[in-house]
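These protein sequences, in sequence, are chains A and B. The numbering used here puts the first residue of the first sequence at 1, with every later residue one more than the last. The numbering used here puts the first residue of the second sequence at 1001, with every later residue one more than the last.
It is worth saying that the hints were derived from the structure and are not from the lab. Some hints could be false.
[Unchecked claim] Label-pair ranges, simulated between beta-carbon atoms:
| no. | chain 1 | residue 1 | chain 2 | residue 2 | range |
| --- | --- | --- | --- | --- | --- |
| 1 | A | Gln62 | B | Arg1315 | 24 to 34 Å |
| 2 | A | Ser61 | B | Gly1301 | 37 to 47 Å |
| 3 | A | Glu189 | B | Asp1149 | 30 to 40 Å |
| 4 | A | Arg78 | B | Gly1038 | 48 to 58 Å |
| 5 | A | Arg174 | B | Met1053 | 52 to 62 Å |
| 6 | A | Arg78 | B | Pro1207 | 48 to 58 Å |
| 7 | B | Gly1011 | A | Pro89 | 50 to 60 Å |
| 8 | A | His83 | B | Lys1040 | 35 to 45 Å |
| 9 | B | Gly1011 | A | Pro287 | 18 to 28 Å |
None of these values were measured; they are calculated from a predicted model. Using N, Cα and C, we set each Cβ at its ideal position, and we do this for glycine too.
There are 2 protein chains.
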Amino acid sequence: MKPAIGIDFGGTAVKIGLVNDRGKLLREDGFATADARGVKGWVDAVAAALERMGLDLNRLSQQVSGMGVGVPGFVDFRRGFIHDLTNVPGWTGVSLAALLRRHFGVRAVVDNDCNAMAFGEVCYGAGRKFRHAVFLTLGTGVGGGIVLDKKVWRGAYSMAGEIGHVSIDMYGVRTKTGRGGLEEYVGIEPLVARARKLLRKRTSILPDMVQGDLSKLTPRHLAEAATQGDSVALEVFDFMADCLATVLADVTYLLQPEAFIIGGGVSAAGKVLFDPLRRHLHERLSPFFAKLIQVLPAALGNRGGMVGAATLVLRG
Amino acid sequence: MKPAIGIDFGGTAVKIGLVNDRGKLLREDGFATADARGVKGWVDAVAAALERMGLDLNRLSQQVSGMGVGVPGFVDFRRGFIHDLTNVPGWTGVSLAALLRRHFGVRAVVDNDCNAMAFGEVCYGAGRKFRHAVFLTLGTGVGGGIVLDKKVWRGAYSMAGEIGHVSIDMYGVRTKTGRGGLEEYVGIEPLVARARKLLRKRTSILPDMVQGDLSKLTPRHLAEAATQGDSVALEVFDFMADCLATVLADVTYLLQPEAFIIGGGVSAAGKVLFDPLRRHLHERLSPFFAKLIQVLPAALGNRGGMVGAATLVLRG
């Protein structure tokens, strides 16, 4: 089977890969999201990248099986229609799949970026062994993708998998999406704010790591400090792990997947996150459920979005 | 197609029905659960009931397509194996499907009772119009059944759909199944206890309804008082509705079904439960999700278990 183009449309960068039907990234290019203005500018920048990758736009349909795009926002997968992108202006109500088909003359699919990453992980990453797995990405917010029977579960209207909005406290933080949503507690901002608050009363190596300027604190500093045994950083990760465990327990009781796969920048913390996460999840589940569920770090890293988006075409 | 036998194995009563392939209950019989001791006694009591229903045990396979049983506990559907029944002693580790096949010479399936009810509702009840619906039954605890693509979703190990264990408060009531599980707040006991506590400081028509003996208070009294505008009873239902809405919002964000179908004794409260439930659910969802989700009362009532269990055979 011919390879497919996989596009990971991020808030900062657009990554474009040529991916074969064994999940291998053959070639890669891309551009900064801010450099391409509007939908037209974006399509032109994609075209330029494809040419740099050695593809011939006049005979693209002979070179690739199609084009898959993972985008950071609300998408109707069936129609390939973007309702809205959370952090990229100018992308409200765009029939991107149809536009790409017309412009490039190849099959095109458009999905939410977390769904694409989830599919990549279960096809070629940490979830290869599983038929049913739930993917979470930890960053500014919490994204999710649910895979049942080796297929992305998109729900009745293509909007399922919003794990970041699942409530951990019915009387918790109030937002436009409800109350007590997970990502209000474990997104980068609330986590760093929690550390700053603890630092008012506690000694820690964290202030020295940012030359006393706590506004510079990032999850990377927290991970480094926790790895060195810093009690404030460890407490922040323990809290994060317990919030996540609450939602993973909910999902386990509802869907009973075989595994959770955790990716995204914050998951790079590794052991200081995964150890308490597994422990709290076990505490929050009956033994029947606890003994059967696995929690694994994502395996595809930055390639996940490209590989997943291309694989939506190749296995679609 | 020949009709099937559907058995609703409850903690109090065992209901046995003959159900055709349009979901119609043709004949019905049953016995009190306490009257049949052990597995052997239960099978004998089922046999006697089938004879009372005019079925001939010597040529049962010519009269029916098979036999479906919904049981109140942990089941491995694929193997027709009962791990354990919550409130019925003597039913740990029973290969019921194999036993019924041998004893009656017909195809047999065994499932969790809520899964059977959920399937009945989406085939012939309130969920007929939907492909994706989530069923809840409100009683002593909260049971659930998830239907995706018109099939019961049982998860990787046949234990999915435990909606009663989904947490509404990560630091809430601690039990063997986690912390803050829904049914610890909206089961019959916690609801009635909540009413009793409010009654210490408030005037209400409830004490008169039970001749001053608050130990006799039931959800039926609460429903009647709420319908008459009693502020204590209304507050209890509003709280129950908000707890339920928290979990329905979680499920909507994760799975985005088309509808929730609510059954069980407590759901008979009707408007005083469903009105605040729909209102709180809308408050807890982004408008994109809120406008698409429906909340409906179950339609099959007491027949749901029998009809559903038989239909698991007929459409299996």
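Structure-based check of each hint:
1. Separated by about 46 Å at the C-beta atoms, Gln62(A) and Arg1315(B) break the suggested range of 24 to 34 Å.
2. For Ser61(A) paired with Gly1301(B), a C-beta distance near 57 Å fails the hint of 37 to 47 Å.
3. Range check, Glu189(A) to Asp1149(B): about 38 Å between beta-carbon atoms, so the 30 to 40 Å window is met.
4. In this structure the hint that Arg78(A) and Gly1038(B) lie 48 to 58 Å apart at CB holds, the actual value being about 52 Å.
5. A hinted range of 52 to 62 Å for the beta carbons of Arg174(A) and Met1053(B) is consistent with their spacing of about 56 Å.
6. Our hint of 48 to 58 Å for Arg78(A) and Pro1207(B) holds, since their Cβ atoms are close to 56 Å apart.
7. A C-beta distance of roughly 58 Å is found between Gly1011(B) and Pro89(A), which places it inside the suggested range of 50 to 60 Å.
8. Our hint of 35 to 45 Å for His83(A) and Lys1040(B) is violated, since their Cβ atoms are close to 59 Å apart.
9. A beta carbon spacing of about 23 Å between Gly1011(B) and Pro287(A) agrees with the range 18 to 28 Å that was offered as a hint.
In summary, the numbered hints that this structure violates are 1, 2, 8.
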